[in-house]
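Visitor: Take a look at the letters that make up each chain.
2 protein chains.
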Amino acid sequence: PVFAQSASNTSTSEILKSWNNTANKQAIIAYVSDVTNPKSSNFIPVADRIATFDNDGTLWSEQPAYFQFFFAIDRVKKMAKDHPEWKTEQPFKAVLENDMEALKASGMEGLIKLVMTTHAGMTSTDFEKMVKEWSKTAVHPTKKVPFTDMIFQPMLELLTYLRANEFKTYIVSGGGIEFMRAFLTDVYGIPTEQIIGSTVKTKFEIVDGVPVINRLAELDHNDDKGGKPESINKYIGKKPVFAAGNSDGDLAMLQYTDSNTYKSFQLYIHHTDAAREWAYDRTSSIGKFDKGLDEAIAKKWTVVSMKTDWSAIYPR
Amino acid sequence: PVFAQSASNTSTSEILKSWNNTANKQAIIAYVSDVTNPKSSNFIPVADRIATFDNDGTLWSEQPAYFQFFFAIDRVKKMAKDHPEWKTEQPFKAVLENDMEALKASGMEGLIKLVMTTHAGMTSTDFEKMVKEWSKTAVHPTKKVPFTDMIFQPMLELLTYLRANEFKTYIVSGGGIEFMRAFLTDVYGIPTEQIIGSTVKTKFEIVDGVPVINRLAELDHNDDKGGKPESINKYIGKKPVFAAGNSDGDLAMLQYTDSNTYKSFQLYIHHTDAAREWAYDRTSSIGKFDKGLDEAIAKKWTVVSMKTDWSAIYPR
Ligand SMILES: [Ca+2]
Ligand SMILES: [Ca+2]
Chain A
79 PVFAQSASNT STSEILKSWN NTANKQAIIA YVSDVTNPKS SNFIPVADRI
129 ATFDNDGTLW SEQPAYFQFF FAIDRVKKMA KDHPEWKTEQ PFKAVLENDM
179 EALKASGMEG LIKLVMTTHA GMTSTDFEKM VKEWSKTAVH PTKKVPFTDM
229 IFQPMLELLT YLRANEFKTY IVSGGGIEFM RAFLTDVYGI PTEQIIGSTV
279 KTKFEIVDGV PVINRLAELD HNDDKGGKPE SINKYIGKKP VFAAGNSDGD
329 LAMLQYTDSN TYKSFQLYIH HTDAAREWAY DRTSSIGKFD KGLDEAIAKK
379 WTVVSMKTDW SAIYPR
Chain B
79 PVFAQSASNT STSEILKSWN NTANKQAIIA YVSDVTNPKS SNFIPVADRI
129 ATFDNDGTLW SEQPAYFQFF FAIDRVKKMA KDHPEWKTEQ PFKAVLENDM
179 EALKASGMEG LIKLVMTTHA GMTSTDFEKM VKEWSKTAVH PTKKVPFTDM
229 IFQPMLELLT YLRANEFKTY IVSGGGIEFM RAFLTDVYGI PTEQIIGSTV
279 KTKFEIVDGV PVINRLAELD HNDDKGGKPE SINKYIGKKP VFAAGNSDGD
329 LAMLQYTDSN TYKSFQLYIH HTDAAREWAY DRTSSIGKFD KGLDEAIAKK
379 WTVVSMKTDW SAIYPR
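Protein chains in written order, with the working numbering: chain A, 79 to 394; chain B, 79 to 394.
Mixed in with the good hints, there may be bad ones.
When chains are identical, the list treats them as one kind, so a pair holds in a single copy or across two.
Computed list of lysine-lysine pairs in DSSO-like fashion (alpha-carbon distance at most 27 angstroms, straight line) [said to hold, decoys possible]:
no.	residue 1	residue 2
1	Lys-156	Lys-207
2	Lys-341	Lys-207
3	Lys-191	Lys-156
4	Lys-246	Lys-316
5	Lys-281	Lys-377
6	Lys-281	Lys-171
7	Lys-378	Lys-155
8	Lys-366	Lys-281
9	Lys-222	Lys-341
10	Lys-117	Lys-316
11	Lys-281	Lys-191
12	Lys-316	Lys-207
13	Lys-246	Lys-210
14	Lys-210	Lys-316
15	Lys-191	Lys-95
16	Lys-369	Lys-281
17	Lys-303	Lys-182
18	Lys-191	Lys-279
19	Lys-303	Lys-279
Derived from the structure by calculation, the hints contain no laboratory data.
Pulled out of the complex, with its shape left as it was, chain A reads as follows (with noise of 0.2 angstroms):
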């Protein structure tokens, strides 16, 4: 509220601090003010104040290829010693070789063997210390810096913006549960019950009188496209007002959320700043954004150009 009653009398300069004074920024201020206004027409209870967010491309980025598939990658040369057979087994021998168009070869089948082979057949609690461990030391293969330094500085502001003034904000992403709870709660101060992904199975058990969460190898959700809506549902059971995400895989999203009877924002993230970031949108194999902008110019929804929009990418 402090944020929202301050936007129309002073200048905007202090909210959100890396977004240029654009269009953007000033319809993001403008609905937030409308809609936290008790005076309002379009006035939202706390309550019904959700934010959900795709991760990957929406708060960080994900080229050359999901953070999430580094993890299962340097998993299995991790647990390589215990697996001779995968010198010759794919995808293993693909990864093993860093040869990505091997691996590429062995299309979603093997992508799935390999990420059931490394984010199943353990407890959930292990599952979590592997997750945390490997965030201390992983680098991007390219940029060579933390994956938890590749977050969106201007979606981090935007988070707490909505947050001083009381919405509730939600991780809703492709990217494993688990995997997410344990590398990014702290990362953006989201408790691991606002982060909703991908699940496998699970299967509770009692080992030597210890009970466990033992995490399966069968996918139980794939949290993407109609996955969205569907576990928003689920886990929250209200419709968002505000929802963000950067692909055709968050469009479900965002037309779930502009189907409420509450005044509602929708925001596309655009990758458009090759020297900064990545630049793809239509034809991308990863974040592909084709439908979703055609529909967001059509409805026109909020498309935010990474290029024109931001003054700065990552947090310094």
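Starting from the known structure of chain A, arrange chain B with the ligands on it as the hints suggest.
Guide: What follows is chain B with the ligands alone, placed relative to chain A:
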């Protein structure tokens, strides 16, 4: 913190008013006072103060059948005019003829058919409306009062007491997640995103330009026994420090909570009051409390006797 700090100095008569001043009440207050005291070695940070409550038999009554069952019965009767074939088809025939013996004889298969027919095949929004509509007029078959008059006043006070001490209170119940959210959010003061239950599979679709979540006639998750810690891990991502239940279906949740490295509290409600409520435990078909009772005794968990620990059962 207000309550916790005053607890050690002043009389506890203002806290948990409908609880008699027994050892069980003292144990609850002693626990909360300890783990919320920053100077205690057992101090638990606010973010980790997760408390999970079973619903049926723990927060409200569950005899002579789970209250959601009466919703299903009433739905069948309402839908019957469009289903003339139900006059001869079980389990519907039994429901329409109020023949509980025949209904029981239809077994688990009949029950699932009944639940899926009445709880699936509509959108989430329409289902929510049905439950809310039903809740306005539905009354208990023998007590002849609204079901919401049959919540346990001492447990309402416990929820309030925990929230006053910055515990985040959740329902984790075998009941249907969307049924409970539509019915109980206001009653318990627990927002939809903190109500977890059994789920059917859902499917996002756009129908005539409107995004909807369709409820499918297929079980997604049975939130009972081991399913409870599985749900807690999935929805919350943290192990609770406080858990309450009333039957063997809650044992896994209490075991899971008991394995927390923080000091934790396990509470079982024992239905011992045939005069004011119902008395049942080891041999009951609903709310069977047998293995759980044995383990509670062995592990010195808190077993609340409704007859001796509670001065009132229902709100006045
Ligand atoms: Ca994305
Ligand atoms: Ca129960």
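Visitor: So, for every hint listed, does it hold in this structure?
Guide: Each hint, compared with the structure:
Only within a single protomer do Lys-156 and Lys-207 lie at most 27 angstroms apart by alpha-carbon distance; the minimum there is 15 angstroms, versus 52 angstroms between protomers. Proximity of Lys-341 to Lys-207 under the C-alpha cut-off of 27 angstroms is restricted to the inter-copy arrangement: shortest distance 21 angstroms between copies versus 41 angstroms within a copy. Taking identical chains as interchangeable, the C-alpha atoms of Lys-191 and Lys-156 lie at most 27 angstroms apart only when both belong to the same chain, with a minimum of 16 angstroms there against 49 angstroms between chains. Taking CA atoms no more than 27 angstroms apart as the test, Lys-246 paired with Lys-316 passes in both settings, with 12 angstroms inside one copy and 18 angstroms between copies.
In this assembly of identical chains, Lys-281 and Lys-377 lie within 27 angstroms of each other by CA distance solely across copies; the values are 24 angstroms between and 43 angstroms within a copy. Neither within a single protomer nor between protomers do Lys-281 and Lys-171 lie at most 27 angstroms apart by alpha-carbon distance, with minima of 30 angstroms and 38 angstroms respectively. For a Cα distance limit of 27 angstroms, the shortest separation of Lys-378 from Lys-155 qualifies neither inside one copy, at 46 angstroms, nor across copies, at 47 angstroms. In the homo-oligomer, the alpha carbons of Lys-366 and Lys-281 lie at most 27 angstroms apart only across protomers (23 angstroms), although the nearest pairing inside one protomer, at 34 angstroms, exceeds that limit.
Proximity of Lys-222 and Lys-341 under a CA criterion of 27 angstroms is satisfied in neither setting, with 42 angstroms inside one chain copy and 42 angstroms between copies. In this assembly of identical chains, the alpha carbons of Lys-117 and Lys-316 lie at most 27 angstroms apart only when taken from the same copy (23 angstroms versus 39 angstroms across copies). In this homomeric assembly, Lys-281 and Lys-191 come within 27 angstroms of each other (Cα to Cα) both inside a single copy, at 20 angstroms, and across copies, at 26 angstroms. In this homomeric assembly, Lys-316 and Lys-207 come within 27 angstroms of each other (Cα to Cα) only across copies, at 14 angstroms, whereas the closest approach inside a single copy is 32 angstroms.
Proximity of Lys-246 to Lys-210 under the C-alpha cut-off of 27 angstroms is found in both arrangements, the shortest distances being 25 angstroms within a copy and 25 angstroms between copies. In the homo-oligomer, the alpha carbons of Lys-210 and Lys-316 lie at most 27 angstroms apart only across protomers (15 angstroms), although the nearest pairing inside one protomer, at 31 angstroms, exceeds that limit. Proximity of Lys-191 and Lys-95 under a CA criterion of 27 angstroms is satisfied in neither setting, with 43 angstroms inside one chain copy and 57 angstroms between copies. In this homomeric assembly, Lys-369 and Lys-281 come within 27 angstroms of each other (Cα to Cα) only across copies, at 20 angstroms, whereas the closest approach inside a single copy is 38 angstroms.
Taking CA atoms no more than 27 angstroms apart as the test, Lys-303 paired with Lys-182 passes inside one copy only; the shortest distance there is 22 angstroms, against 42 angstroms between copies. In the homo-oligomer, the alpha carbons of Lys-191 and Lys-279 lie at most 27 angstroms apart both inside one protomer (15 angstroms) and across protomers (25 angstroms), since each shortest distance falls under that limit. Taking CA atoms no more than 27 angstroms apart as the test, Lys-303 paired with Lys-279 passes in both settings, with 20 angstroms inside one copy and 16 angstroms between copies.
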